[in-house]
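Enquirer: Hey, can you work out the whole structure from these sequences and the hints?
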Amino acid sequence: MGLELNQRFQSRLQSTWLAPFAVGLVAAAIVLVVVWKLDCGSSASFRQQVRGDVLKELASVRASAEKAINKRLFLTLGLKTYVSVNPNLTEQDFADVSALLMQESEGIRSVTLIKDCTISDVYPRAGNEAAIGLNLLQHENQKAATEYAIKTGQPWLTGPVRLVQGGEAFIYRAPVYLTNPGGLPGGGDYWGMVSILIDKDVLVSEIMAGVPDNLNIAIRGRYEPGVAGAIFLGEQSIEATDPLVAEVSLPTGSWLLYGVRNSGWPTMAPDATGRWLAGIAFAMLVGALCFSVMQTTLRYREYSKRLETAKQDLQQSVMRYELVMDGASAGIWDWDVVGKRIHYSSRWKAMRGYDDVEIDSDEAEWFAGIHPEDEPRVLAAIRAHLAGTTPLFEEKYRVRCKDGSWIHLLDRGKAVRDAHGQAIRMAGSGIDITQLKRDEIELQMLNERLAVSNGKLENSNEALEQSNVDLQQFAYVASHDLKTPLRSIAGYAQFLQQDYEGQIDPQADNYISRIVEGANRMQQLINDLLSYCRVESRNAPLEPVCLNHVFDDVLELLHTDIDDANAIVTRDSLPEMVGDQGQISQLLQNLIGNGIKYRGEQPLRVHVSFEQQGAQSIISIKDNGIGIPTQYREKIFEIFRRLHTQKAYAGTGIGLAVCRRIVHRHGGQIWVESVDGKGSTFYFTFANPLKPPQAESFRVADIACEPNTLATSVSS
Amino acid sequence: MVKNRSNLDRPAEVLLVDDNYDDAFFAIKCFEQCSYDVNVHHVDNGGECLAMLRKEGAFSAAPTPDLILLDLNMPEMGGREVLSKIVNDAVLRRLPVVILTTSDASSDIVAMYSLRCSSYIIKPVDLNEFQRVVQSLGDYWFSVSALPTDR
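Here the protein sequences come in this chain order: A and B. FYI, this note's numbering numbers position 716 of the first sequence as 716, with every residue one higher than the one before it. FYI, this note's numbering numbers position 43 of the second sequence as 43, with every residue one higher than the one before it.
The hints are simulated quantities; they were obtained by calculation from the structure and are not laboratory data. The reader is advised that the hints may include incorrect statements.
[Said to hold, decoys possible] Incomplete in silico selection of chain B near chain A, CB under 8 Å:
1) N20
2) D22
3) D23
4) K29
5) V125
6) S143
[As the list claims (entries may be wrong)] From the structure, some residues in chain A lie toward chain B, with a derived Cβ separation under 8 Å:
7) T389
8) H480
9) K483
10) T484
11) R487
12) S488
13) A490
14) G491
15) F495
16) Q523
The C-beta atom is built at its ideal place from N, Cα and C for all residues, glycine as well.
Expert: Printed below as a string of structure tokens:
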């Protein structure tokens, strides 16, 4: 029980890592989440900051871009104004004004005068002659914008376009409306346009000059409302980097200025790594702390429970122990081997008839109290156990009580050993078995007596057996020895009869005849005696016997007598039984023979029948002979008892005695019922038949008997 | 009485071994009364029987019997021992030995036949019966059977 508890305790103890571990994990996770959140925040703010910086830079870039472009665009105003007022300016005028304009700013590739919709003049002429005479409306690219400009009177900027002359330039066109003298500026009709070509590279480099190194920009032109142009500065790919957008406003339309840090927007603050490391470390610390705390708590709980259980167990154990000790009427002792002192329980002392305080705890007192005959054996046993050769000390011995008497003790003990295996202490319990011992002795005595009786019984049995055998032997031998002189008597008597009959005198003949008769009778008696003895002595094994066959055989044997008696002997179907064939045959022969012998005046009928009454099987032999008077019904079964003289009926009186012996040997009973003068029925029982009587096709007995009797009765 | 002719053209020699003189007397009487010419030689113990058969000592002139009638219960040497010795003798074993005894114990009957006696007869108690038996013996052995001693 304790072991199981301990195992459970250990396993529970082991499993106390799980929950705390989970908790620790969760705590660490929480800390990590917090760190992450913090990090996100700082990252966000960092990004904000960066974006802010970029925005500022972008703004300055925009300003410089605006300045760069507008500076040049505004130049056209001058020309436009001049033309508006002087529509008929000469080539020279145009060239001068244009030269002036171009001087104002770098990057102006050319100035173009467009009368109506056709380019009328270009400055500088050199290299640009091809453009003169170009009708803008015929130009796919320019057509729409031109019409728009004419309609709205708004200037517009396009570009950059690739120039035939090489390079790229922006084209700025401003429609010119005539100003009537004294009239509204530009209030007159549409005259044409003026345009300038601004070199893209110059513009771009001007713009780029103001761009910080770490800023990546791009500019998209947006001239027609709602239509975004192409990016002419920077990469298209900038749009994928989520750039900040600023608008460079132009007189017409605007440019979209994209700006992003070269390295892209930062995802995390530069000190993020450090923060994360610190964060993770902190998380782990927190996790470990939580784990530790929780585990300690759980373990403490387990230990407490265990302690509680152990306390309870101990209490129970103590109670049980006390109960057992009390119930077993055992005394306890505790021997301090080293200190040579023995402590006894009060029960122990009481067993020996002492009061609680009366026994000395010196070990010598104990050893002195052991019976001197038992002492060597007990000491040897103690030594053996202390030495470690026996696992337990157990001995039965006698100890002296206070009053000097002895009690038998069953003492058991076990030693406690130190680290070296030396016995330092031994404790045990003892039971008073005096009564048990007494009972044991008594039992032994009874057993001895029993053995003696048994022996005697066996002897008498043997003697009985032997005497039985002797008796049989005696009967056999005696009858033979008796027969020998009898043979002599009978023989000589018969010779006398044969040789001297009629030769002496009738009296002598009579004497001789009587001698012969006597001798014969004695023969008969001896034979009958022998056959009576034989009933038990013949040890033929019991086998199935068919009574039908036995009856038929007996009839054969007796057929002379049956014929002489004119008897009709019949039978029912008889069963098969277990028995000694020879003896059963003898039995039937005697009974049927009797039936025939003791016949009366009436025609003799003897009938054998079978009846099953419950568990009993009964054979009956019924005759209509002379019957038997009631008072002799028992006597006739006695040996040599006869109811009639030899003259009346021959016989030795052994027949029925033999029958009874045979029936008894087969475990049955035999008796007779008779009406004096009317006939008798002899009954005998036997153990259950092997087979019940079978139906027969014909009765052999009748056929065997009747023809003879018929013949006889017919003839008589 | 007028004797029948037996197979032998001489009187039959019967050796009767029985320690009971009365029984021997009856047997001799019966043989006298039977219808065969029989000389009965009677010895009352097994030793003499064997001596006679071997024609030893006083019996050197004894004739070889045609039939031996042997009783069982004899003192000193019993019939069983005698028969055993006869059967184990190369010359004597041919002689028919009929056990003639009062014992009807099947153990005796079986034992004797096992020793190859020629027949086993239980001495009848009745004299008339005995006379019939002796006559039967004569009929069987001297009339019906051929004998090894017949020259």
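Enquirer: Mind listing which of the numbered hints don't hold for this structure, in increasing order?
Expert: Hint check: 6, 7 fail, others pass.
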